[in-house]
Amino acid sequence: GDSVTQMEGPVTLSEEACLTINCTYTATGYPSLFWYVQYPGEGLQLLLKATKADDKGSNKGFEATYRKETTSFHLEKGSVQVSDSAVYFCALSDSGGSNYKLTFGKGTLLTVNP
Amino acid sequence: NAGVTQTPKFRILKIGQSMTLQCTQDMNHNYMYWYRQDPGMGLKLIYYSVGAGITDKGEVPNGYNVSRSTTEDFPLRLELAAPSQTSVYFCASNQGGSGANVLTFGAGSRLTVL
Chain A
1 GDSVTQMEGP VTLSEEACLT INCTYTATGY PSLFWYVQYP GEGLQLLLKA
51 TKADDKGSNK GFEATYRKET TSFHLEKGSV QVSDSAVYFC ALSDSGGSNY
101 KLTFGKGTLL TVNP
Chain B
1 NAGVTQTPKF RILKIGQSMT LQCTQDMNHN YMYWYRQDPG MGLKLIYYSV
51 GAGITDKGEV PNGYNVSRST TEDFPLRLEL AAPSQTSVYF CASNQGGSGA
101 NVLTFGAGSR LTVL
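Protein chains in written order, with this note's numbering: chain A, 1 to 114; chain B, 1 to 114.
Chain A on its own, in the form it takes in the complex (with noise of 0.2 Å):
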């Protein structure tokens, strides 16, 4: 079945420092890729996707490019805040059904010091 293995955290930086988190899949079909914080306390939400081979997904400074042929979907951004403190969850869609599925990886905890 569909898997997503992602770093181990915890992960510890000092602000404006860069951030790589590596997420790999294994899905059968074309997924779709996806990057979700948790914030201390609160649900997930979503950070960014991308839907095929070569996209990169961006939002508040983070990038992720869907590179098909290493089945990698890293996150990264080059200065990383306090405020990005959290847990990030790689994640892929069940592109070979109908429901919309998503499959988790086990989530990075972050802690950005100032």
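Everything labelled a hint here was simulated from the structure, so no lab data went into it. Because the structure is a prediction, the values reported are computed rather than measured. Where is the CB? At the ideal position from N, CA and C, for every residue including glycine. Be careful, since some hints might not be right.
Below are the DSSO-like pairs computed for lysine-lysine, each with C-alpha atoms no more than 30 Å apart in a straight line [stated by the list, open to error]:
1) A/Lys106 x B/Lys14
2) B/Lys9 x A/Lys60
3) B/Lys9 x A/Lys49
4) A/Lys106 x B/Lys9
5) A/Lys49 x B/Lys57
6) A/Lys68 x B/Lys44
7) B/Lys57 x A/Lys106
8) A/Lys101 x B/Lys9
9) A/Lys52 x B/Lys44
10) B/Lys44 x A/Lys60
11) B/Lys57 x A/Lys52
12) A/Lys77 x A/Lys49
13) B/Lys44 x A/Lys56
14) A/Lys101 x B/Lys44
FRET-style restraints, in silico, Cβ to Cβ [unchecked claim]:
15) B/Ile15 x A/Gln81: 41 to 49 Å
16) A/Glu16 x B/Val50: 41 to 49 Å
17) B/Thr20 x A/Ala53: 41 to 49 Å
18) A/Gln45 x B/Gln22: 18 to 26 Å
19) B/Arg77 x A/Tyr39: 26 to 34 Å
20) A/Glu15 x B/Pro39: 25 to 33 Å
21) B/Ile15 x A/Ala53: 43 to 51 Å
22) B/Ala107 x A/Gly29: 29 to 37 Å
23) B/Thr20 x A/Pro10: 28 to 36 Å
24) A/Gly61 x B/Pro61: 36 to 44 Å
Position chain B against the provided structure of chain A, taking the given hints into account.
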């Protein structure tokens, strides 16, 4: 626009008790989901629904039941609570079609079974 509303936010149950987690959405979304989130394990799909009167099992349905009598509501029932059901539960919805795969999450319900 309230989005997805879950109640209660917190609950402590004794082993063998039953309870219902409520979820309602006001976006007229057809698709609704229940996930559980355990530390370091990401989100696991419990049940989902593609419309009123239609429900189906996800990855981890044992010990739970759902119903979908209206488009708005998707309650999750625990019949005989067990310590293994201690978790944070998230309800989510999406509209399907061109907005497929972008889930809107509730704020979560933290359940402890002692």
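Right, here's what the structure says about each hint:
no., hint, in the structure
1, A/Lys106 x B/Lys14, "28 Å, holds"
2, B/Lys9 x A/Lys60, "29 Å, holds"
3, B/Lys9 x A/Lys49, "29 Å, holds"
4, A/Lys106 x B/Lys9, "23 Å, holds"
5, A/Lys49 x B/Lys57, "26 Å, holds"
6, A/Lys68 x B/Lys44, "25 Å, holds"
7, B/Lys57 x A/Lys106, "21 Å, holds"
8, A/Lys101 x B/Lys9, "24 Å, holds"
9, A/Lys52 x B/Lys44, "25 Å, holds"
10, B/Lys44 x A/Lys60, "27 Å, holds"
11, B/Lys57 x A/Lys52, "28 Å, holds"
12, A/Lys77 x A/Lys49, "15 Å, holds"
13, B/Lys44 x A/Lys56, "27 Å, holds"
14, A/Lys101 x B/Lys44, "11 Å, holds"
15, B/Ile15 x A/Gln81: 41 to 49 Å, "44 Å, holds"
16, A/Glu16 x B/Val50: 41 to 49 Å, "45 Å, holds"
17, B/Thr20 x A/Ala53: 41 to 49 Å, "43 Å, holds"
18, A/Gln45 x B/Gln22: 18 to 26 Å, "21 Å, holds"
19, B/Arg77 x A/Tyr39: 26 to 34 Å, "29 Å, holds"
20, A/Glu15 x B/Pro39: 25 to 33 Å, "26 Å, holds"
21, B/Ile15 x A/Ala53: 43 to 51 Å, "49 Å, holds"
22, B/Ala107 x A/Gly29: 29 to 37 Å, "33 Å, holds"
23, B/Thr20 x A/Pro10: 28 to 36 Å, "34 Å, holds"
24, A/Gly61 x B/Pro61: 36 to 44 Å, "39 Å, holds"
No hint from the list above goes unmet by this structure.
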